Amino acid sequence: MDIKLDPSRDDLPLMANTSHILVKHYVLDLDVDFEHHVIEGTIVLFFEPGDKLKKQSSSSEVTCPSESNEVHEFRMLESCHTPVTNTGTFSSKVGYNDITICGKRERDTSVEDDNHDNREQASGIPSSKCCFDTGNHGSENFLLVLDCCDLSVLKVEEVDVAAVPGIEKFTRSPQLMVVSEELRNQIVHELAALPADRWREQLDYYAHCSQAPGCGELLFATDTWSLQIRKAGARTATDFPRAIRIWYRTTPEGRSVTWTSDQSGRPCVYTMGSPINNRALFPCQEPPVAMSTWQATVRAAASFVVLMSGENSAKPTQLREGFSSWHYYVTMPMPASTFTIAVGSWAEMQPEACSSDGLAAERAFLPPEADFRYAGACGHMEYPCRFQNVSTTTQDIIPHRVFAPVSFRDVCQETLLQLIPACLSAAHSILGTHPFSRLDVLIVPANFPSLGMARPNRENTGHVSDSGASVVKHGLNPEKTFMQVHYLKGYFLLRFLAKRFGDETYFSFLRKFVHRFHGQLILSQDFLQMLLENVPEEKRLELSVENIFQEWLESSGLPKPLQRERQAGAECGLVRQVSTEVTKWIRTNQRPRKRKRRENKEVFAKLLPDQLVLLLERLLEQKTLHPQTLQSLQQTYRLPEQDAEVRHRWCELIVKHRYTKAYGQVERFLRGDQAMGTYLYGELMVSEDARQQQLARKCFELTKEQMDRASAQVVAEMLF
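Position one of the sequence shown corresponds to residue 9 (the working numbering), numbered consecutively onward.
Since the hints were made in silico from the structure, they are not lab data.
Just so it is clear, the structure is predicted and the values come from calculations on it, not from any experiment.
Please note that the accuracy of each hint is not assured.
Cut-off 27 Å, straight-line C-alpha distance, at most; resulting in silico cross-link-like pairs (DSS-like, lysine-lysine) [said to hold, decoys possible]:
| hint | residue 1 | residue 2 |
| --- | --- | --- |
| 1 | Lys592 | Lys669 |
| 2 | Lys32 | Lys323 |
| 3 | Lys664 | Lys706 |
What follows is a list of derived Cβ distance ranges for each label pair [said to hold, decoys possible]:
| hint | residue 1 | residue 2 | range |
| --- | --- | --- | --- |
| 4 | Ala652 | Gln571 | 25 to 33 Å |
| 5 | Asp511 | Arg595 | 36 to 44 Å |
| 6 | Ser311 | Arg705 | 32 to 40 Å |
| 7 | Phe444 | Tyr499 | 34 to 42 Å |
| 8 | Gln701 | Gly330 | 41 to 49 Å |
| 9 | Lys497 | Arg208 | 38 to 46 Å |
| 10 | Leu447 | Val187 | 38 to 46 Å |
| 11 | Val398 | Lys177 | 27 to 35 Å |
| 12 | Arg503 | Gln528 | 24 to 32 Å |
| 13 | Gln571 | Glu198 | 57 to 65 Å |
| 14 | Gln639 | Phe444 | 44 to 52 Å |
| 15 | Thr400 | Gln701 | 51 to 59 Å |
Note that the Cβ used here is the ideal one computed from N, Cα and C, for glycine as well.
Given only the sequences and the hints, what does the whole structure look like? Please build it.
Here is the structure:
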């Protein structure tokens, strides 16, 4: 059933029936087409039945509230063996990959759920060839539900894993005499159950199985939020094929990827963290409980670099006709929402060999090894865990790469590369073993939504159906992206706890917590409960999980401890220094503009960036600041060269006091720091100043096509 939602206020549905069947591994094989703004190819999913195996009567129940009684027509596309005519498709595979989209591909303009009801429009295959109606037979079969949105699904088929050479080692028989559904399912089960020390062999066989031929097309239908798949005769999840291949392509309007340009003006594409996670990039199981591994082969023109959230530092393999292939994988089971991809003409900066002298100061603060290495087995599902490897537990700096637009190459080489080793070493000193073997750092485009990584968590944010489907509260409300209150409260709560218990006790707990819960899904309650259990009783008086939640997370306004800390903050030396500088600026602003004789100028102290933010916030409280004062502020602190937080406050001052000479700086901020500029649009409009409103509309017109979709929607509502 299709669920019609109002994106301005509704929850985000997680439709996958994870209680009945779980994806254990994904194999993606994709081509990136910058000409048509699509990513297309195949994804092979390997399954295991879930904990709650039920007949179709329960597994096909509606998983989210809906008033619709629409019944979908399940369809099965005929194989089409017309040769590829579009040179933009450059799959390097042979053998199984011989089914192509018929007809010349055009830019896919289908939206929402149109791509499943009109196959001729969605896939280019004439509707007279492509389908038959299963009538009432579908009600007898198990229904696989995957989270899916803004995708053109072209075909779904079962994969004949038994056809892979050497696969008989995963069966009870030395030879495969009779191939059956049960045998294929047994092969996938045994493959998924391989021990962690055979992870490389497991990945190799997953790859071989993903290239095996199909052994029967499956019935499928899509609606706005899901892909639904059946196999005739498969009445339970246990009967359903354990390996299926889905042929699909993204749409240019898909909400999981952003097609844009980097700061050097070169085309690029990257995944977004919100609002719908990866379901518009590939069909998947979005609920975080669906932990899986993956591997992906991505092809693009040779001028592009492909980066992914994999564990390996992939290098390109050159293909024919000027294209390259990149392969990434992960061996740690994680939610599908953690899958990321970025493709662009990035320049790579290579770090120099780390000098022991350069990190001597950081290593001096390393705690004794015994503080963060604990005996005992891990609590997560089995995978090649770095916490069980002595050499990796003592590795304070993991291998890392930095990628950036060409125009940022020099500044990244001079600044960022010098900071990363110290940051990695500091993280290791506090948290212990790095959970991953490497790190890639990418300078993202200007329209990257900085608060867009708020992905669904394990918290029960809505009713969870018997099938495992649930919702993310207000997940489709674009304004929620810009609500920072919960982030700020969480930050100050952690600061409060660290101050209450002391750094030594708090950091020691953090190391224990990371070691105990690494590789697992956790709740805030888990963190707080363990913390209170690991601190002396005299330090946790009047503290409990319940009252912390009530005071810090569930009540509006500033928590009382934070109010008391704010009042005591006036005694802080750095704050007192800012107060002194504010007094100087107010005095400067009050002096007559025309002086009869030369007066002694104020001498202003050098301030840290955080102090500058506080200074500008204090000055924002002033009713009037003269243009000369604002000009002096800009020159004294070189404000246009400061970080985004400082420049944001500076732009607020410009707007409030209508400092027209600096309007160009506001325009540069709105165009170059789009994720942070949303609030400024509102300030420009509420001023009711014609020139400021014109500036806001001009900036929006210049950036709206590349802006993050949620940001563009919120700004448009402000302007029009």
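**Prompt:** When the hints from earlier in the document are held up against this structure, which numbers fail?
**Reply:** 7
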